[in-house]
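There are 2 protein chains.
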Amino acid sequence: MPGLLSSLNLHHHGLNMGRSSLTSLFRTSRLAVQSSSSPSQINHNTNVSTTTQEKPTLTIDNLNPNIKVMEYVVRGPVVIRAGEIEKELEKGVRKPFTEVIKANIGDCHAMGQVPITFTRQVLALVTCLKLLEDPYFSDDAKMRAKLILAGCRGSSVGSYTDSPGIEIIRKHVAEYIKRRDGIPADWQNIVISAGASDAIKNLLKLFICDVNGKKPGVMVPIPQYPLYSASLAEFNMHQIGYFLDESRNWGLDIAELNRSIQEARKVSNPRAIVVINPGNPTGQVFTRENIEEIIKFAHKEGLFIFADEVYQDNVYPEGSKFFSIKKVLMEMGAPYSNMELASFMSCSKGYMGECGLRGGYVEVLNMEPKVKEMYLKAISAMLCPTVLGQACLDTIMYPPQPGEPSYNNFLKEKNEVLESLKLRAKMVADAFNSMKGFSCNTVQGAMYAFPSMKLPPKAIEEAKKQNKAPDTFYAFELLEKTGISIVPGSGFGQKPGTYHFRTTILPQPEKLKEMLKKFAEFHKKFLQEWS
Amino acid sequence: MPGLLSSLNLHHHGLNMGRSSLTSLFRTSRLAVQSSSSPSQINHNTNVSTTTQEKPTLTIDNLNPNIKVMEYVVRGPVVIRAGEIEKELEKGVRKPFTEVIKANIGDCHAMGQVPITFTRQVLALVTCLKLLEDPYFSDDAKMRAKLILAGCRGSSVGSYTDSPGIEIIRKHVAEYIKRRDGIPADWQNIVISAGASDAIKNLLKLFICDVNGKKPGVMVPIPQYPLYSASLAEFNMHQIGYFLDESRNWGLDIAELNRSIQEARKVSNPRAIVVINPGNPTGQVFTRENIEEIIKFAHKEGLFIFADEVYQDNVYPEGSKFFSIKKVLMEMGAPYSNMELASFMSCSKGYMGECGLRGGYVEVLNMEPKVKEMYLKAISAMLCPTVLGQACLDTIMYPPQPGEPSYNNFLKEKNEVLESLKLRAKMVADAFNSMKGFSCNTVQGAMYAFPSMKLPPKAIEEAKKQNKAPDTFYAFELLEKTGISIVPGSGFGQKPGTYHFRTTILPQPEKLKEMLKKFAEFHKKFLQEWS
Numbered sequence: 023m024p025g026l027l028s029s030l031n032l033h034h035h036g037l038n039m040g041r042s043s044l045t046s047l048f049r050t051s052r053l054a055v056q057s058s059s060s061p062s063q064i065n066h067n068t069n070v071s072t073t074t075q076e077k078p079t080l081t082i083d084n085l086n087p088n089i090k091v092m093e094y095v096v097r098g099p100v101v102i103r104a105g106e107i108e109k110e111l112e113k114g115v116r117k118p119f120t121e122v123i124k125a126n127i128g129d130c131h132a133m134g135q136v137p138i139t140f141t142r143q144v145l146a147l148v149t150c151l152k153l154l155e156d157p158y159f160s161d162d163a164k165m166r167a168k169l170i171l172a173g174c175r176g177s178s179v180g181s182y183t184d185s186p187g188i189e190i191i192r193k194h195v196a197e198y199i200k201r202r203d204g205i206p207a208d209w210q211n212i213v214i215s216a217g218a219s220d221a222i223k224n225l226l227k228l229f230i231c232d233v234n235g236k237k238p239g240v241m242v243p244i245p246q247y248p249l250y251s252a253s254l255a256e257f258n259m260h261q262i263g264y265f266l267d268e269s270r271n272w273g274l275d276i277a278e279l280n281r282s283i284q285e286a287r288k289v290s291n292p293r294a295i296v297v298i299n300p301g302n303p304t305g306q307v308f309t310r311e312n313i314e315e316i317i318k319f320a321h322k323e324g325l326f327i328f329a330d331e332v333y334q335d336n337v338y339p340e341g342s343k344f345f346s347i348k349k350v351l352m353e354m355g356a357p358y359s360n361m362e363l364a365s366f367m368s369c370s371k372g373y374m375g376e377c378g379l380r381g382g383y384v385e386v387l388n389m390e391p392k393v394k395e396m397y398l399k400a401i402s403a404m405l406c407p408t409v410l411g412q413a414c415l416d417t418i419m420y421p422p423q424p425g426e427p428s429y430n431n432f433l434k435e436k437n438e439v440l441e442s443l444k445l446r447a448k449m450v451a452d453a454f455n456s457m458k459g460f461s462c463n464t465v466q467g468a469m470y471a472f473p474s475m476k477l478p479p480k481a482i483e484e485a486k487k488q489n490k491a492p493d494t495f496y497a498f499e500l501l502e503k504t505g506i507s508i509v510p511g512s513g514f515g516q517k518p519g520t521y522h523f524r525t526t527i528l529p530q531p532e533k534l535k536e537m538l539k540k541f542a543e544f545h546k547k548f549l550q551e552w553s
Numbered sequence: 023m024p025g026l027l028s029s030l031n032l033h034h035h036g037l038n039m040g041r042s043s044l045t046s047l048f049r050t051s052r053l054a055v056q057s058s059s060s061p062s063q064i065n066h067n068t069n070v071s072t073t074t075q076e077k078p079t080l081t082i083d084n085l086n087p088n089i090k091v092m093e094y095v096v097r098g099p100v101v102i103r104a105g106e107i108e109k110e111l112e113k114g115v116r117k118p119f120t121e122v123i124k125a126n127i128g129d130c131h132a133m134g135q136v137p138i139t140f141t142r143q144v145l146a147l148v149t150c151l152k153l154l155e156d157p158y159f160s161d162d163a164k165m166r167a168k169l170i171l172a173g174c175r176g177s178s179v180g181s182y183t184d185s186p187g188i189e190i191i192r193k194h195v196a197e198y199i200k201r202r203d204g205i206p207a208d209w210q211n212i213v214i215s216a217g218a219s220d221a222i223k224n225l226l227k228l229f230i231c232d233v234n235g236k237k238p239g240v241m242v243p244i245p246q247y248p249l250y251s252a253s254l255a256e257f258n259m260h261q262i263g264y265f266l267d268e269s270r271n272w273g274l275d276i277a278e279l280n281r282s283i284q285e286a287r288k289v290s291n292p293r294a295i296v297v298i299n300p301g302n303p304t305g306q307v308f309t310r311e312n313i314e315e316i317i318k319f320a321h322k323e324g325l326f327i328f329a330d331e332v333y334q335d336n337v338y339p340e341g342s343k344f345f346s347i348k349k350v351l352m353e354m355g356a357p358y359s360n361m362e363l364a365s366f367m368s369c370s371k372g373y374m375g376e377c378g379l380r381g382g383y384v385e386v387l388n389m390e391p392k393v394k395e396m397y398l399k400a401i402s403a404m405l406c407p408t409v410l411g412q413a414c415l416d417t418i419m420y421p422p423q424p425g426e427p428s429y430n431n432f433l434k435e436k437n438e439v440l441e442s443l444k445l446r447a448k449m450v451a452d453a454f455n456s457m458k459g460f461s462c463n464t465v466q467g468a469m470y471a472f473p474s475m476k477l478p479p480k481a482i483e484e485a486k487k488q489n490k491a492p493d494t495f496y497a498f499e500l501l502e503k504t505g506i507s508i509v510p511g512s513g514f515g516q517k518p519g520t521y522h523f524r525t526t527i528l529p530q531p532e533k534l535k536e537m538l539k540k541f542a543e544f545h546k547k548f549l550q551e552w553s
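Protein chains in written order, with the working numbering: chain A, 23 to 553; chain B, 23 to 553.
Treat the hints with caution; some may be incorrect.
[Said to hold, decoys possible] List time: in silico DSS-like cross-link candidates among lysine-lysine, alpha-carbon distance up to 27 Å:
| no. | chain 1 | residue 1 | chain 2 | residue 2 |
| --- | --- | --- | --- | --- |
| 1 | B | K227 | A | K152 |
| 2 | B | K117 | B | K539 |
| 3 | A | K77 | B | K223 |
| 4 | A | K236 | B | K227 |
| 5 | B | K539 | B | K503 |
| 6 | B | K444 | B | K535 |
| 7 | B | K109 | A | K193 |
| 8 | A | K533 | B | K434 |
| 9 | A | K223 | B | K223 |
| 10 | B | K349 | B | K227 |
| 11 | A | K223 | B | K394 |
| 12 | B | K236 | A | K77 |
| 13 | B | K392 | A | K77 |
| 14 | B | K392 | A | K109 |
| 15 | A | K288 | B | K77 |
| 16 | A | K322 | A | K349 |
| 17 | B | K394 | A | K113 |
Hints were generated in silico from the structure; no laboratory data involved.
If we strip away everything but chain A, and leave its shape as in the complex, we get (with noise of 0.2 Å):
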């Protein structure tokens, strides 16, 4: 069984495969942790007080020792790379293909999708007043600009709102919730954000207290989405990874999360699990059943749970379901309906994708009054999420409702997307179960495949000798000969001896299976260059 300490020299192998400038740094970073115990102290002699303007006030040997160990893969060094091939392209240089695919990012229109037209009539009204006189826009996104505009003060989105959002959207949001669970949302709970990533880190942070000589620890499923090992080692807190069963469809096993929790106890204080239900990179579904032993662990070991729900409207095949991690916690009753629960939600995918807009919601359940006080006071100094992102969020919380005149084109629009994104989930799966040495799971939610691939000793001695990790070797070759994207599994930990990547389902149909193909012949022509 791959212990702990496996899971993140793993992981920080992935940080030795950027570029050489990169990887010198990160190497420097690390030895700056391994050589004090605690990253946020370090002695050197130089005395900063005597700066003189040949050596800049802050540097490399002086900066936050957890920024530079922080890595978000996401927008990592393949992805740098990718940006520097796309300027390339734009001043003429020749290269084998004449576009980057970015197939790194869940960014739903940079690929092509269509915005909701209710979400933007909306957000034009709110924007400009002069618009709800004009009979292009329907009454119901005029009256719904109308409603927002009531909750803004001085009826401008241009105002600062309460720091936790708009009282009317919080109450939209808790409707929304209940109409999805069946079971009431309090809307004092609900926590509106600029995207999900903002709240959980906002919620991460609460946890930062060493108690009795060691750090806080959060479990994370393993593969991860980067988001919390950046935000982990941003706050100096301990990242207990747990594996997801690869051969279940990336399931859960109650086993490995008692394994790594035991494991981690030896040098930190386990807090909090984070799940992530669809996963993301892995694609999975959870079934009720597993949600209940998650519960029922957490509940045993003292865990708050942060769970990840931001594709709860992306869920493919027949028979699988989304269930929120609340709605079992609620229904299994006293005394798991009790336990401190946070569960995030985002603009930016499902049917809308509106990344770009910065919108989500955190509904937190059965917190200690005291600590929500500090909670919302540690918000209020950052002033407010942005209101078009609030009006963004309201508009998915309180679609068009049956009857409405918007009703109709809402639901073809949505639909659409769902049913589209359902076909290549599936396209994406089978051409990689097609592909000599690739194995890839049923994509069941989320907007990613994971495969993994074998790949042969002369490549991984290669990549060794490039002082990368093989699947990034593998990622940087595919990106050069090609023009695609994907992200390395290194960036997501993964099995030691294992190797996989993330790519999105996100190009468009026909763009997709264009990519699909030149990812095949590339990978025939690799498993020959390298046998």
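Go by the hints and put chain B onto chain A.
Same frame as chain A, but now just chain B:
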């Protein structure tokens, strides 16, 4: 000469003013800090692993201690009470007033300021592409919308942008700075952010790094904008307060800078200095000579300069002029022109006042390349600032030009706002100077007055009985009797034994006149009651 500790004590004293529940929380937290030299390390015997459902996982005892001590008084207890009073009024509770006047926060549109038409047109156009065919919208707004959309992936504001923002907007920012200063700016030094606060926090956190057992120290003016004290508390950095000289219209005295840094070196490593110009809450505009002195001081001491210049458009009386620190530093030549500087700007203030849209930027000068790489990596995990906030910023950085269809109206709207603010700045200072025991400096810039007041000894005694700072007691009395919401000076910091408050100059002229009249009546009665 009042020392650093007395300034800190006073600052803490400000915490002691809230409702009883808040008070007791803050007490707990203060004890926690005092009992340990490192607030991020708390020793107690509770074993977090034995948590049961009766005891929450996250409690006030194991909560991040830095979150407990931080405060953000602009949204603090007086303002929270103001919100409660608004709710009570809605429910029909009888009060000696019919509405709450929120003079506590620089929230322009909330106080009736009208948005700039060009900005809102562009925002509607990029949101709802159908409007590009609508004759109501001016051609230059349409051109601008198309330019912004061309910078968005998939031509949608719903796509993620690069983490530092859209390239064309960063270039417009650089051109704006060049026009402002007469000195070139490199667009690659511009990082767009969700308001200035976001950028300030992201840069401050780079400095978290204890050296030789001492915390990093950051010099901030006293009185200061509480985002700084809140962020430094959250990051467990040392706040080095330097007093502004109220008797010289809140000018900056180099002897005081020297005193404060010398004292601070005993317990911290001073790394940076924050300069707020025009001043918040103090409203002064520094002379060029004063800025030169600050730069020389920062150079001598090896400090990174944080130039909070978000009020650069808000300068009122004849003879006052805004000089950016960058302009002065570059014109001073080497070695000063090689110094590290971060200059912050926002869409929330100026003549546009778009607080809710969360747009802003920082220009980072002379940052060590390896450090800059780490900085850009650190912000990438949060994906990107809101695209509509970026689009708003674009319209301010690159407003309509002479000859373009929107130019005349833009200029008229801009000048109306600034002229009216100039009038109100004078109205407020004059009004307070005519009240007994008040003294108010000229409001040269920004959006606030920070008058000092002499309080009767009996009132001070009563405040102590109620466990409140005297100025907080005054603010609560004012709120309960008139509905006027201001922020007590203790939240910004002030010389021991002096009492102030911050009020905005933002209520529209008629409303402001009414507010100042009610204020004067209240003050007269207050003096009678407590003499």
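Hints versus structure:
1. Only pairs whose Cα atoms come within 27 Å are accepted, and B:K227 paired with A:K152 is rejected, the gap being roughly 42 Å.
2. Taking the CA atoms of B:K117 and B:K539, the gap is near 18 Å; set against the 27 Å cutoff, the hint holds.
3. Distance restraint check for A:K77 and B:K223: the Cα-Cα separation of roughly 24 Å lies within the 27 Å cut-off, and the hinted pair is therefore satisfied.
4. For the hint linking A:K236 to B:K227, the alpha-carbon distance of about 23 Å falls within 27 Å, and the restraint holds.
5. The hinted pair formed by B:K539 and B:K503 meets the criterion: a straight-line CA distance of about 13 Å does not exceed 27 Å.
6. Between the alpha carbons of B:K444 and B:K535 the distance comes to roughly 14 Å, so the proposed pair stays at or under 27 Å and holds.
7. Taking the CA atoms of B:K109 and A:K193, the gap is about 16 Å. The hint holds against a cut of 27 Å.
8. For the given pair, A:K533 sits about 49 Å from B:K434 by alpha-carbon distance, which is inconsistent with the 27 Å threshold.
9. Among the hinted pairs, A:K223 with B:K223 is consistent with the structure: their alpha-carbon atoms are about 14 Å apart, no more than 27 Å.
10. Between B:K349 and B:K227 the alpha-carbon distance is near 26 Å, which keeps this suggested pair within the 27 Å criterion.
11. Of the pairs offered as hints, the one joining A:K223 and B:K394 holds, with about 22 Å between alpha carbons and a cut-off of 27 Å not exceeded.
12. Proximity of B:K236 to A:K77 is assessed by CA-CA distance (about 20 Å); at most 27 Å being required, the pair is judged to hold.
13. For the proposed pair B:K392 and A:K77, the alpha carbon gap of about 13 Å is at most 27 Å, so the pair holds.
14. Between B:K392 and A:K109 the CA atoms are separated by roughly 22 Å; this keeps the pair inside 27 Å, and the hint holds.
15. Annotation: proposed proximity of A:K288 to B:K77 holds, straight-line Cα distance about 23 Å (limit 27 Å).
16. Taking the CA atoms of A:K322 and A:K349, the gap is near 19 Å; set against the 27 Å cutoff, the hint holds.
17. For the proposed pair B:K394 and A:K113, the alpha carbon gap of about 26 Å is at most 27 Å, so the pair holds.
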